[in-house]
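Chain by chain, the residues:
Number of protein chains: 2
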Amino acid sequence: MKRSLKTVLLGKPLLAQDMHHECLDKRRALAIFSSDALSSVAYATEAILIELLFVGTIFMDWSMIVAIAIIGLLVILILSYRQTIHLYPNGGGAYIVAKENLGETPGLVAAGALMMDYLLTVSVSISAGVEALTSAFPQLHSSSVSLGLLAILLITLGNLRGMQESAKIFAIPPYVFIFSILALIGTGIYKLAAGELVTQPISEVVRFSYEPLGLFMILKAFSAGCTALTGVEAVSNGVPVFKNPKSHNAVVTLSWMAGLLGIMFIGITFLAHALHILPSDTETVLSQIARATFGTTFFYYLIQVSTTAILLLAANTAYAGFPRLASLLALDRFLPRQFTSLGDRLVFSNGIIVLGFLAGFLIVIFGGDTHLLLPLYAVGVFVSFSLSQSGMVVRYWRKRPKHWGLSLSINLIGAITTLTVLGVIAVTRFVHGAWLVIILIPLMVIMFKKINLHYKLLGLQLTANAKDFVHIHEPLNMLVLIPVSGVHKGITRAIRFASTISKDVVALSINTNPESTARLKADWAALELNIPLVVLDSPFRSLSDPLIKYISEKIDEFPRKEREVVLVIPEFVTARWWHGFLHNQTAVLIRTYLWWKYPELVVTNVRHRLRF
Amino acid sequence: MKRSLKTVLLGKPLLAQDMHHECLDKRRALAIFSSDALSSVAYATEAILIELLFVGTIFMDWSMIVAIAIIGLLVILILSYRQTIHLYPNGGGAYIVAKENLGETPGLVAAGALMMDYLLTVSVSISAGVEALTSAFPQLHSSSVSLGLLAILLITLGNLRGMQESAKIFAIPPYVFIFSILALIGTGIYKLAAGELVTQPISEVVRFSYEPLGLFMILKAFSAGCTALTGVEAVSNGVPVFKNPKSHNAVVTLSWMAGLLGIMFIGITFLAHALHILPSDTETVLSQIARATFGTTFFYYLIQVSTTAILLLAANTAYAGFPRLASLLALDRFLPRQFTSLGDRLVFSNGIIVLGFLAGFLIVIFGGDTHLLLPLYAVGVFVSFSLSQSGMVVRYWRKRPKHWGLSLSINLIGAITTLTVLGVIAVTRFVHGAWLVIILIPLMVIMFKKINLHYKLLGLQLTANAKDFVHIHEPLNMLVLIPVSGVHKGITRAIRFASTISKDVVALSINTNPESTARLKADWAALELNIPLVVLDSPFRSLSDPLIKYISEKIDEFPRKEREVVLVIPEFVTARWWHGFLHNQTAVLIRTYLWWKYPELVVTNVRHRLRF
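Chains as they are written, first to last, in our numbering: chain D, 35 to 646; chain V, 35 to 646.
Don't take every hint at face value.
No distinction is drawn between identical chains; accordingly, a pair holds when it is met within one copy or between any pair of copies.
Stated by the list, open to error - Mimicking DSS-like on lysine-lysine, the simulated pairs with C-alpha atoms at most 27 Å apart in a straight line are: (1) K583 with K631; (2) K280 with K555; (3) K523 with K60; (4) K583 with K46.
No lab work stands behind these hints, which were simulated from the structure alone.
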């Protein structure tokens, strides 16, 4: 039953030799690695506009300037990551680059930041995907959180099945998205030029704040827009799955991705600016642009649906990255070793399940609001960007390969830029949630180190030397204690077991009623066993207290190496689970308490099955 | 820690010989046994008015006629219960009377009805007590349910401590209540006669229903008012604690109680009628009368507070009755035997706890509304009245003592009257909740019988005859299986234990990684133990599936009588509880699954404590 439900949901178990790595050509690779980066155009422009709107509608023009600055940052990042791809053909995630070049602690900081990134990629993408859907179908607006959780459930189950096999299908939505967004930008600009689009002039100066448009507000808008850059590192992590020449193909794919991202981001920001679109609670900026350009036609719905689809794919990519990173960390003993085990379907099931739970938790906590999650997202992403770049700088400095000067300069510019941006984000977005990540990352590093220490100490404690096996051939000297409630069928096997394993057996009985104790004594004598019956008085009528007291005394009487105390508990197994309520559960109580107080006590349950 | 928290809340454990029964004189007995009955005047008049108001304000005059009919019923009940007191000087609860004279099933019906009564006494009295309080302090109105739950918590804790000892204090509130209600009635009538109270004429005919005031509506009002009679049986249950001559003193107390109840009930109903008081959602009828008579003075608050106090005492009486009845039923094997055990403080703790939980549950479900609970209450009370009276009739018929004709006639009239009233309540209040009790009581009887059957079958299954002990002196033939993950300190004790208890030991290892398996094989051989190591392949990487399969095969290989399979599980005990997450919990999984599939499997845990 358990097995069959699992099989229906997740498919049949797979043999280890079934694992195969298919190599991807550039077109498929672009589809797979770009969904995270490209999908961020669905929310990045809106994030800038929200910040500017806060200062006042007359300042919305600044959106283009901010977008252009972000494109500049994109160029620096791409140049830097080209170099990472060449130097780390086996995949250069920030954890590996930082650990190798900067040391363990920076590596762990990068690991913590990356785990936050993956988690927020899921939560942000799912929230934004649901928003794209509810913009088109406003009647779904009230079910946003439920829809988000449903999407997480389906993606989690899909990944537990192992979804890589269907990657060919996953190549379609990104191209549909790219095509429809480019068509939107083209049509929008043409219709604007032809004067076919009526733009309503923003006559009123709506001001939500009396702060002037100072540098701080511009930097805030800039850091909000930096979420457009999330996901650009994906290609550098995935170099090994490219077709040969791997690094070359990866760099070409990276450049295409960056080009598309830049055009789409600047195009959408331009249209939002030209059409005087203001962010709204119920409809995304992208949906407003599409509706203004195409009307509520087929093309409009195509844009919304393909936006949702690419955002779900972006969430899906984190389901590959998070469990892989968790398994790397677990192999290095920084996370519980359960993250290294491949499940039935050859995926890191534990990592997938943990990611699903945490992402669902975030969706519920933040009510599925993309723009509340974005400040958290941006911090993590730029922490890993800057550590990765700094690691590259150190590497060039140490190794000094051919043309190292130029390469080092590129990464140095990358490192300084990303560190600066990180500072800007941390300061301007601190009160909006960035503080949470700034607290969480150090806590995660401490946790990684504590776990590592535990495993190291475990090894030390368990490693056996010759001395530990000196006595292994000698039988144990055991005192066997067996609590009995009366002479009946339920105790016969337990008594046989006890007298089989030791000559030193004592039966224990609690005297709560003199009559039944007298009867028990007589019945016990009649059995003519070589086992003394000790009757324990219970002044306060407790069944467990006198037993626990007696057993504790016996344990403390001798050092454990000289005599082991073994508790044999005769138990009933009732025919129906609810019958359990009709019996004293004293055995469970005693076992739990003694295990807590004397972990080394050997406890054996000899159970008698009731037939009805 | 556990013990000390318990001691602070409940007091020190008591020795069994500390139990003492203090005999009560009539004055103390009246205070203790009357609180349930007398407190019902706090809601019974209001219950009648609510029904009449539903037909229309012009019919409120009927309230006096209904109240007089109820007083007639009270007289019949008192005459009947005088006889029960004389015949059952050891306490004649409906369960005992019905079981002795009518048979097991009627006895169990009475028991079910009584348990419902006790439960509803708590819920109704607490709700009404809170309403008396919130009438005086309307700002508490929104916290009604919380106040009710708090009261239940305090009463439950008090009873777990054993509150009988403070019964002297409990004698005060009933007399304060009696005094203040009698003062209210006297003052009210005097002021009415002197024309000092301005009664507002009800000019408008407010009609909430277009039903005519037919017989059905009058009967409905009558059955609502019958809740005034709840608790009159209390004295007959408590005869043993009276001073000698017990029966005589009990009868005198019963008569006093009935007299006071009759005067208070008719007096309050008369004042409500004369002052034209209408039931309201936020203020009780009694509070309205008191406010009209005294104004919002000290006397008004005295009435409200003493009403709350006597209602809490009424709830408290059920905390003595319910656990005692549950222990009687448990002794007769109709309820789990845990209800018979006296706790630390010489009270039936389990019954007290169950009652507290159920009463709290009802308060939450019904939102603390007294008048939603009353229809349930009335049905249970009259089921036990009629079974008790019928039992007495049968008893007189069988035994035929001196003057049996008269006595039988009195109880026959009682039985016929209470059965008729029960029918009236069941029909007129069916849709208002009576149906629930009508369904629940048979379900409880079925449950009692099922429990009884289980204990009978248990006895049959466990009773051992000579045949069962034939083999008890022979050692068991045991195959000991011990799963090992590697050769380290954590398994040495488990191996010694296994080879101590049997010569037939097999170590089991799961092959998930050829390298570590090869190392384990070499390490194992180096130990030079006389224990074969069986390596189990795990094609789908599960740790538990191959183990479970192998153990199952070994269990099924021989009948259990020829060879027992003993599973010895080496386990770690981590130094911190959260370290448990860093280890595979395979042992727990295997144990749980095998216990479920093979309950008779002997499982032993030999644990190794990690120091850090």
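Structure-based check of all given hints:
1. For the homomeric pair K583 and K631, the shortest alpha-carbon distance inside one copy (12 Å) is at most 27 Å, but the shortest distance between copies (34 Å) is not.
2. Within a single copy, K280 and K555 get their C-alpha atoms no closer than 83 Å, and across copies no closer than 41 Å, so neither meets the 27 Å cut-off.
3. Taking CA atoms no more than 27 Å apart as the test, K523 paired with K60 passes in neither setting, with 74 Å inside one copy and 53 Å between copies.
4. Taking the shortest Cα distances, K583 and K46 sit within 27 Å of each other only across copies (18 Å), while inside one copy they are farther apart (52 Å).
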